[in-house]
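**Q** The residues making up each chain are set out below.
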Amino acid sequence: MKKIYYIFLLLILLPSCRPDLNYEIRGYTEKIIVEGYINNGEFAKVYLSLNVPLWKDIDSVTVLENVIRTAKISISDGSKTEILTGGFWDYSHFPPHLYKGFDIKGVAGRTYSLKVEYSGYSVESQTTIPYPIDSLSFTTSDLSTNDSLQILTATFYIDPARKNSYRAFTKKKKDGYYIETPILYNADLSLSGMNSFNISPKPSEKDSSYSEGSYFAKGDTVLVKLCAIDSTSTQFFKALTLFSTTVGVGDLYFIGEKDALKSNITSPGFGIWSGGNIQTRTVIIQ
Amino acid sequence: MKQIFLTLILFVAIQSIVAQDKHILIKDSTDSKSITKKTFDISEVEVTAKLNDANLKSGSTGLTINVKQLKELPKFVGESDPYKALQYMGGVSQAGEANSGLYVRGGNNDQNLILFNGSAIQNPTHVLGMFSVFNPDLVGEMRFIKSGMPAEYGGRLSSIVEISTDQRIPDSLKLNGSIGLISSRISTQIPINSRFSVYGSWRGSYISSIILPLLAKAGIDSLLTQNKYEFWDANAGFNLRLSSKTKLNGHFYTGKDELGIHELKKYEMKENKTFWNNTAAGLQLNHIFNENFSLNQQLNYSKFHIQSTFEWFDSKQELQSQFENFSYKADFLNLTGKHKLKYGTELSYNAAVPHFIRNDSILPIEINDERNNINSTQATLFFRDEYSFCKWQINAGLRLNLYAHIGPYTDFDDNGDVAYAKNKIVKTYWGLEPRFYSRYLLNSESSLKFAATRHIQYINQIPVFSFGVPTDLQIPASLYVQPQGSWHFSGGFFRNFRSNTWETSMEVYYKTLENQLEFKNGIEATFTNSMFEKNLLVGKGWTYGAEWKLSKNLGKFTGWISYNLAWSYRQFDQINKGIPFLARNDRRHDISVVGLYQLNDNWNFSSVFVYATGSRLNLPVSWYVVDNKLIFEYGKYNAFELPAYHRLDISANYKLKPKRGLKSELNFSIYNVYNRANPFQVYFSKKSFESNKFNFHLSMAYLLPIIPSVSWTFHLN
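If you're matching them up, the sequences are chains A and B in order. Quick note: the first sequence, position 152, residue 152 per our numbering, numbers continuous. Residues are numbered in our numbering as their position in the second sequence, beginning at 1, plus a constant of 1000.
Incorrect hints may appear among the rest.
[Claimed, not checked] Straight-line C-alpha distance at most 25 Å; calculated DMTMM-like pairs for lysine to aspartate or glutamate:
#1 B:LYS1629 with A:ASP142
#2 A:LYS45 with A:ASP103
#3 B:LYS1657 with B:GLU1230
#4 B:LYS1629 with A:ASP207
#5 B:LYS1520 with A:GLU42
#6 A:LYS171 with A:ASP147
#7 A:LYS202 with B:GLU1318
#8 B:LYS1316 with A:ASP142
#9 A:LYS262 with B:ASP1573
#10 B:LYS1316 with A:GLU65
#11 B:LYS1273 with A:GLU205
#12 A:LYS238 with B:GLU1518
#13 B:LYS1629 with A:ASP59
#14 A:LYS163 with B:GLU1311
#15 A:LYS202 with A:ASP220
#16 A:LYS206 with B:GLU1641
#17 A:LYS238 with B:GLU1258
#18 A:LYS262 with B:GLU1318
#19 B:LYS1636 with A:ASP77
#20 B:LYS1256 with B:GLU1324
#21 B:LYS1540 with B:GLU1518
#22 B:LYS1316 with A:GLU180
#23 B:LYS1629 with A:ASP103
#24 A:LYS80 with A:ASP134
#25 A:LYS238 with B:GLU1533
#26 A:LYS171 with A:ASP134
#27 B:LYS1629 with A:GLU30
#28 B:LYS1663 with B:ASP1171
#29 B:LYS1657 with B:ASP1573
#30 A:LYS171 with A:GLU124
#31 B:LYS1629 with A:GLU42
#32 B:LYS1629 with A:GLU65
#33 B:LYS1629 with A:GLU180
#34 A:LYS174 with A:ASP134
#35 A:LYS173 with A:ASP142
#36 A:LYS163 with B:GLU1518
#37 B:LYS1316 with A:GLU82
[Claimed, not checked] Okay, the calculated beta carbon distance ranges per label pair:
#38 A:TYR210 with B:ASP1417: 36 to 42 Å
#39 A:LEU189 with B:ARG1588: 44 to 50 Å
#40 A:TRP89 with B:ILE1579: 41 to 47 Å
In short, the hints are calculated from the structure, not lab data. Heads up, the beta-carbon is just placed ideally off N, CA and C, and yes, glycines get one too.
Model the full structure from these sequences, guided by the hints.
**A** Structure below.
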């Protein structure tokens, strides 16, 4: 009987057997991650990094270790070609390492090609800068649950033939930088005529305007940046922004579980080369 | 002599839970099912017994579960659960940690028709899947059909679980109950007279009101103890013998779970509260015209409703999903010579609110305008004949279904909306389900069985999460959703040894699955009320495998070992580049070892050991940062295998001395004896996310450690 008791005791005291995840069995392949923009009236900006296998720490340090600083990046507008210059630091972006152009400026309606050469690989892409947004105006309306806050609405004309969608960013004085409205307007490219959209930024807990949520305080001066993007960029940002609208769990994005992000970068690259037509307005909330 | 005595005891004990007190089964002669069995008339009292070679000779009506035996298995926090114990039967995969789901022969959890006194139960689980909703004291009979499904059953692809309360008139008042660690229950059966009895039961938890505050006082993690969780359920019913040949039974069930997760506050989800409830009610009228002809009629209602409310930033969000079913079934049983004919009809009306969103925010989620409600009707005719000759038994049948999606419904389309008025037919589906089953007795100790059956399922439950909160959306076949279909082929060899003391079996199967559904983008579909019917991915599946079982039925020591070797595949054109992938519930090896030992009149012991290959999981292969967002890149779909699931439970029952008619017993159980940390969930935990700095860690959650429990169960009659 005593023996049984000891066996029983031993069983209970056995340390918990905690199995670990084995990531190594997964099929990781290295990719050049491209994030490039060329906007109307601006020079091109490109950020490059490598994708990181899941078994490595998911932190800022790992990202910085995987930044590509020695690539050759060339852009062309069809008549002129420019090699971008690396080594710049853009602290409003992460990772901050930036390749920048100094010659070719974005022009509405033009198509721009991108070529990235790195470590014997070459990846390419093309994007077109949309035409300016027509008949843009802003209005505010009362928020029923809070007298001091307002809803900001943008109204503009959508020409369905252009196949553009729209991203919105707002900068309140108290925040000091632009905060994205995590919604891609006209993501299905199905709207036409005059349309109105609520601008609904999603500040994070660390932002000064966090308590205002998606609304705007009366008397605030707000810079509003609306950016029209072409149909191929739309496919990429559609999944990215839709998901952040809906879940936003700690800024973590499980994109592409069933249907991967639609990149316009050739293999072995991934990411986005996006032309944008930005219009910035100052709105005083009344 | 001893052998005969034990056999007799087994014959009687195996019948039902109530039979344990009486040592005789008083079978109501008006039960139309009973005329299919060998019976002995003794002044309107029948004694029936399960043949202990039933596994060799049984027809396609499936396996009658020994409920009493399952109730003696180890308990989890004091609750016995015969429904969950179905996972130990061959052909059913281990669902995993805190999951009462049934994954039968590679099928999905929604492909099982779970009938409680004939009413379909949409979500049969309590406490995040740890328990089933069935009060064990009321479970009188359980029948489980996983292959060769006869034509009178339909509507699901994988299996039928038929749970019935005891429908006999007791001769005296009965009171049963149990006091456990997190919940207690009580049930009673009251004979009003010799023809009429009523019953009722109640079960409730005290997790948030007593257990969590005690844990908090003991210094347990405050995040855990600030969560809210309670559940309760109640049953009521009556058994009325209208005449010696007519019987009317009625039942009502309702139950509710409420959950509040404190940790979600970190994600701006304040005041979050989720509750779900099942309701079922029904009437059954049995009439025997003569000894060869009877009619069984059922009128049933069931409803499942889930609702989540939470505040997100300043806006209140409400998500709902609901499914209601009204049905009528009439089946005739006609015995003519060696033929047992069963034929009848089923009529049903379903009202589904697959997905309802209400919010007061200005976020561009539209206020629900009832566009997603899907109403449908179904009419079914069925016929089957069970024919026995020589050493053969053949059961052949056919089901003919006409299903209609009816208005009101609006097909929102960019080229112009199409509106359907109330009760106007939107879409119809015809379905023909041939069923065939055969058995051949090789000799008195062995038999061969073969079945080929077609199944059609018109109601889908599409999971949003794979565990815990039953957030499956109820999506019936409709204008854009085709019904699921399946062909199921199975065969088996059955052999008994030593006068049926030992039973062995080996079965193989192959099953196809058509029109399987997945959300295009998983969880995000929950937060948009666009026409999700148009945003579903449609694919197919196929499963195959083999099952072995060895059982010992007699003696002080009884039990069984079952082993499943199985493969379950899915293929969707838009997932994994169209390449077939292993289903989430694919478990290559699945072993259950169940042992029961009767030491003496007072003590009995039992244990369960289960081992199952880890289920499949879709994890990213790499990650990167674009647009200041951390993005995970996925590779081959479901290519990741979770660590194996295994655990050992042990239990001891001690019968206390009866006092004034009160019989009671103490149960001591240990769940997960060697404290195996079985994976419950894989998630990303956030260490920090400051401006331009982040640190995530991929973690695996383990839910249930070693859990000893004690409970006191009593019976008064």
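**Q** So, for every hint listed, does it hold in this structure?
**A** Hints, one by one, checked against the model:
1. B:LYS1629 with A:ASP142: Violated - the C-alpha atoms of ASP142 of chain A and LYS1629 of chain B are around 32 Å apart, more than 25 Å.
2. A:LYS45 with A:ASP103: 12 Å, holds
3. B:LYS1657 with B:GLU1230: Between LYS1657 of chain B and GLU1230 of chain B the Cα gap is close to 34 Å, so the pair fails against 25 Å, i.e. violated.
4. B:LYS1629 with A:ASP207: OK: LYS1629 of chain B and ASP207 of chain A at ~17 Å, within 25 Å.
5. B:LYS1520 with A:GLU42: Violated: LYS1520 of chain B and GLU42 of chain A sit about 37 Å apart, past 25 Å.
6. A:LYS171 with A:ASP147: Since the Cα atoms of LYS171 of chain A and ASP147 of chain A sit roughly 21 Å apart, the hinted pair holds (cutoff 25 Å).
7. A:LYS202 with B:GLU1318: 20 Å, holds
8. B:LYS1316 with A:ASP142: 18 Å, holds
9. A:LYS262 with B:ASP1573: 16 Å, holds
10. B:LYS1316 with A:GLU65: Roughly 42 Å between the alpha carbons, so the hint for LYS1316 of chain B and GLU65 of chain A is violated.
11. B:LYS1273 with A:GLU205: It holds: about 23 Å lies between the C-alpha atoms, which stays within 25 Å.
12. A:LYS238 with B:GLU1518: Holds. LYS238 of chain A to GLU1518 of chain B sits at ~20 Å (cutoff 25 Å).
13. B:LYS1629 with A:ASP59: Holds: LYS1629 of chain B and ASP59 of chain A sit about 12 Å apart, inside 25 Å.
14. A:LYS163 with B:GLU1311: 36 Å, violated
15. A:LYS202 with A:ASP220: 17 Å, holds
16. A:LYS206 with B:GLU1641: 38 Å, violated
17. A:LYS238 with B:GLU1258: At roughly 35 Å apart (the allowed maximum being 25 Å), GLU1258 of chain B and LYS238 of chain A break the hint.
18. A:LYS262 with B:GLU1318: Violated, because 32 Å separates the two Cα atoms, which is more than 25 Å.
19. B:LYS1636 with A:ASP77: 37 Å, violated
20. B:LYS1256 with B:GLU1324: 16 Å, holds
21. B:LYS1540 with B:GLU1518: Distance ~11 Å between LYS1540 of chain B and GLU1518 of chain B Cα, so the pair holds.
22. B:LYS1316 with A:GLU180: The hint holds at about 22 Å.
23. B:LYS1629 with A:ASP103: The given pair, whose Cα atoms are some 29 Å apart, is violated under the 25 Å limit.
24. A:LYS80 with A:ASP134: 29 Å, violated
25. A:LYS238 with B:GLU1533: 20 Å, holds
26. A:LYS171 with A:ASP134: 22 Å, holds
27. B:LYS1629 with A:GLU30: Roughly 19 Å between the alpha carbons, so the hint for LYS1629 of chain B and GLU30 of chain A holds.
28. B:LYS1663 with B:ASP1171: Cα-Cα ~17 Å, so holds.
29. B:LYS1657 with B:ASP1573: 65 Å, violated
30. A:LYS171 with A:GLU124: 33 Å, violated
31. B:LYS1629 with A:GLU42: 23 Å, holds
32. B:LYS1629 with A:GLU65: Holds, at roughly 17 Å.
33. B:LYS1629 with A:GLU180: Answer holds: LYS1629 of chain B to GLU180 of chain A is near 12 Å, not above 25 Å.
34. A:LYS174 with A:ASP134: 30 Å, violated
35. A:LYS173 with A:ASP142: 21 Å, holds
36. A:LYS163 with B:GLU1518: This hinted pair is violated, its Cα atoms lying about 29 Å apart.
37. B:LYS1316 with A:GLU82: Roughly 52 Å between the alpha carbons, so the hint for LYS1316 of chain B and GLU82 of chain A is violated.
38. A:TYR210 with B:ASP1417: 36 to 42 Å: This hint holds: roughly 40 Å between Cβ atoms.
39. A:LEU189 with B:ARG1588: 44 to 50 Å: 45 Å, holds
40. A:TRP89 with B:ILE1579: 41 to 47 Å: 43 Å, holds
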